[in-house]
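A.B. asks: Put the complex together from the two separate chains, hints included.
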Amino acid sequence: MIVKLLSGDTPRSPVLAVILLAILVALAFAPFLFPGVRSVDTAARICIFIVLVASYDLMLGYGGIVSFAHTMFFGMGAYGVALASTHMGRGFDAVAVGALSGALLAAAIAFLIGLFSLRVRAIFFAMITLAVASAVAVLVSQLSGLTGGEDGLSFQTPRALTPAFRFGDELFGVRLNGRLLAYYLIFGVSLILFLLMLRVVNSPFGRVLQAIRENDFRAEAIGYRVVGYRVTVTCLSAFIAALAGALYAIWLRYVGPDTVLSFDIMVDILLMVVIGGMGTMYGAVIGAALLVLAQNYLQALMGMAAGAVAGLPVLPELMNADRWLLWLGVLFVLSIYFFPTGIVGRLRQRRQGRAAQGR
Amino acid sequence: MSDPMLRLSGVYTDIAQYHILQGVNFDVPRGQVTMLLGRNGVGKTTSLRTIMGHWRARAGQILLDGQDIAALPTPAIARLGVGYVPENMGIFSDLTVEENMILAASSGPLDRTRLDWLFSVFPPLQTFWKGHAGNLSGGQKQMLSIARAMVEERRLYLIDEPTKGLAPAIVSTMAGALRQLKDQGASILLVEQNFSVARALGDSAVVMDDGRVVWTGAMAELAGDAALQERLMGLSMEAGH
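Chains as they are written, first to last, in this note's numbering: chain D, 1 to 359; chain Y, 1 to 241.
Hints listed in this document are in silico derivations from the structure and should not be mistaken for laboratory results.
The structure displayed is predicted, hence computed values, not measured ones.
Where hints are given, some of them may not hold.
Unchecked claim - Which residues of chain Y face chain D? A partial, calculated answer using Cβ under 10 Å: (1) Met52; (2) Thr74; (3) Pro75; (4) Ala76; (5) Ala78; (6) Arg79; (7) Met89; (8) Asp94; (9) Leu95; (10) Glu99; (11) Ala104; (12) Ser106; (13) Leu110; (14) Thr113; (15) Leu115; (16) Ala149.
Claimed, not checked - Anything over 12 Å on all C-beta distances counts as not near chain D; from chain Y, calculated: (17) Asp3; (18) Arg30; (19) Arg58; (20) Asp111; (21) Ile170; (22) Arg179; (23) Asp183; (24) Gln184; (25) Asp225; (26) Leu228.
Using N, Cα and C, we set each Cβ at its ideal position, and we do this for glycine too.
Looking at chain Y on its own, in the form it has when it is part of the complex (with noise of 0.2 Å):
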């Protein structure tokens, strides 16, 4: 089996006196979605934060295809190929559309097949695409979100909570978007609590509680064990799907 795209190595993260991240460890396979799971506040966030080098491990290694990033600021982490979604969407409100694709496409110019791509997939794009991004409705700002991490080919994807407080129909545009993005090989870490999205996409699945790592498997297995998605997030997911 190759190296994985990422490795996360018995990471600890502190924020303020709290220890949230108590020696994490998981990976991410190459060509794979990864769901990351959990109840709330486990530190699923507090992970992809990490990754991402907006909070500092204070111990652990975290490797991007073998190299140690741990330690890096975050835009480089980004320069190295990491497309994050934040669970807020952080899109520019006051630049337009265009405006907050343009600035993604860190490494040039917009790429006109990526992009027409990109507006068959998420049509509102297209249509605002001079507009300003804070006129946007919820669901048209979650598209720019993800969009905006798709505009370019990524080594590593890191998601979170793509389709929270988003209504049937855009869960299921979400979904399908982010099913093309498996479908071209993308490496994918997703944390998701819509449990019918992460069966239909997951490849494995990560659970945490507490800030450890409790279960990895795939995500098949998971899907199947009722029992087991009741001891490891106290819930059963197959409830109402």
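If we strip away everything but chain D, and leave its shape as in the complex, we get (with noise of 0.2 Å):
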């Protein structure tokens, strides 16, 4: 049953499937296993960019595509919500037509992108795609009737998801309302979304990216066209990021540049793939809860590690919560060093070097 929901694409690795067993509990309880709005909102993060960063390695990692637009497409279906909801107003309604139109809009113009700059060498496809993007985010900040410009959008979401709104009193302390079913809703469509792409990469259609990406000639040659693939795995990877953009957007009920367009995003996207391991979707899991932790608690961690070496000299300095930011550096570069296939692809070589050992 498991085997078959995860499309038979199983951890094949004792301590990743523990860790991933971990975080999909920890982020299924989380309300109640960690209460407080800070570290819901951390858990909510999580969810969001698993779903964005597995849909980064759909075309990465499995496509071999480098885009840089994937923060687009993600503050497409965020303002698209956004948009829908402030002129439509509150409403279920609302969120669906802009959660769709912004993925539809994403996955045409992905078409568009791809259509025209995938036929060529990928780094033409990487540098529109930058373009784009740019283009993009430069216009959502002048459009400023529309969008709101650099101050972004501050709107109404349906009133069920709204801390106002209460189904009950407490389950085991935990306020029974809106917020807890914003949470909910983030966590079941990310869950979904997450297995609607393993089982992608694990179809026939997801065989052939594999092909394309380690010899697309080759793929061409016993009868697939790859730019037909390629452009189908970039419209599906875009579509899937703005369904990520729209459900961030119901759960900040703000949209703006910097929340949902930045390229810090963009960046957190690619260190998130990397960190976890390319191509193998589960490296999305680790790489976004890995990333997101660090940048919510390391800081809170390190100023209480300064507390605790106040007396020892250099120490204290060393570990200031002001400096978090050089840490979280430095441990992206020992995990580069460390892990040079990601989290995922050192876990599973280990695995099969040691069944190797044994044969």
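C.D. replies: Here you go:
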């Protein structure tokens, strides 16, 4: 049953299976295990970034396509929900229309970019996506009448997803309100989208993508239209990234250029894919969980560490909470050094190595 | 005599500023093995790649069963029934042996009878069926590469140096597989440097030099004439065999 749910793509490493299970349990029961606004907010961001990073991995790890426009697609979904909710009024219909419109627009733009640039070398596609993403970010900032410009848009989500909505008293000390529903909406949709992507990469379509990534001429020589497959996966990836953006907008009830279109998000996505492990899907789970946790808690952790070593020379300065970005950078360098194929790749290699030794 | 399965007429191919094929003409008769021979760098691999549409012919006709395929894209040529085994094998290392074979059977699911035949010809493929192709040995990778082309009945097989760099035992397995394919009546265009394999399999031979065809005829005639070999290819292929 579980193997079927995972489309036959099991973790293939006991350590990896335990880590993934721990993340799944932590996310599934986050509001009860880690009560508090900040921790639930972190859990929701992890869910959303898992989907966003997995959708990028679909394109980069499986299709071998480098894109810098993923944040743009993410932003389209987010702005779709924001604009629909602003103009149609709060309600699930506005959320659905906005999410779907944003996702379809993202797929359409991905189709156009892909059709014109995926015929040529991959570097041109990367450059074109960078140019288009920058242009869209500027456009969103300039069209302040529609998008709210630099200030962004605050909007109302359906009443059932707001803290004011109550559907009971308390369960294990947690208030049963719309915020809890919003979290589980995000968790559920993220889980479904992730399993769907797992199904895609393990389908015949996914196998052809992997073949194209490895040797595109050979894939053509056995009858597969490389451009068609590349354009399709780009559109699918953009569509799902936009849905992740829609979830983010629902959670934040706000969209702005810095929040959903910033190039910093693109860098985060790249880091999450590389640290987790490209072409593995599960790498997205590990990479997103690790990076979002580090971004949210490393600073506090370092503050505590600095307090603990207060009497010692040099160490309190090194552990100063203001230096958290430095340590985040050191962690990235170390993880790339020790896990060049990503954490998932490394764990699976260890397993394969042991199996080979035991043969 | 029936029309050939493949006919190249006045094919010119340029790669960047280099004129690699300069008016190539030859036929691959139906149900026969045609050996494409010549020294290194004379245009044999380019000829196969031009037929597959990877390099676009600047001029000339490439007729597959009477249909001009010179302007068709590579996937369309493959779907017309041309099986291609490139020199560098081109297996998909990240996929399993099974997945490699499934991908190659582009017209539908794997045919069990044909698969059993392939397992009998290349037993390691059955042994490592669920294993990653990247973990296979060099010889096993070549077996997989050829088996992929043979997984479906093709109108034409283009095979580029299948025994290159392989151990003698594997060469004999390869030759046996190609012999069985030939006995099934397949049309094959084979580039091969191993003369004993070429002589055993070839019905006719096409010798190239400097981007042109310099000799065509029966393989037996070429095999029996050391002076002709010396003149056409600069060496006698009888030497050492």
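A.B. asks: If a hint holds in the structure, say so; if it does not, say that too.
C.D. replies: Each hint tested on the structure:
no., hint, result
1, Met52, "holds (6 Å)"
2, Thr74, "holds (4 Å)"
3, Pro75, "holds (5 Å)"
4, Ala76, "holds (8 Å)"
5, Ala78, "holds (4 Å)"
6, Arg79, "holds (5 Å)"
7, Met89, "holds (9 Å)"
8, Asp94, "holds (6 Å)"
9, Leu95, "holds (6 Å)"
10, Glu99, "holds (5 Å)"
11, Ala104, "holds (5 Å)"
12, Ser106, "holds (4 Å)"
13, Leu110, "violated (12 Å)"
14, Thr113, "violated (21 Å)"
15, Leu115, "violated (17 Å)"
16, Ala149, "holds (8 Å)"
17, Asp3, "holds (24 Å)"
18, Arg30, "holds (22 Å)"
19, Arg58, "holds (20 Å)"
20, Asp111, "holds (16 Å)"
21, Ile170, "holds (21 Å)"
22, Arg179, "holds (24 Å)"
23, Asp183, "holds (24 Å)"
24, Gln184, "holds (20 Å)"
25, Asp225, "holds (35 Å)"
26, Leu228, "holds (34 Å)"
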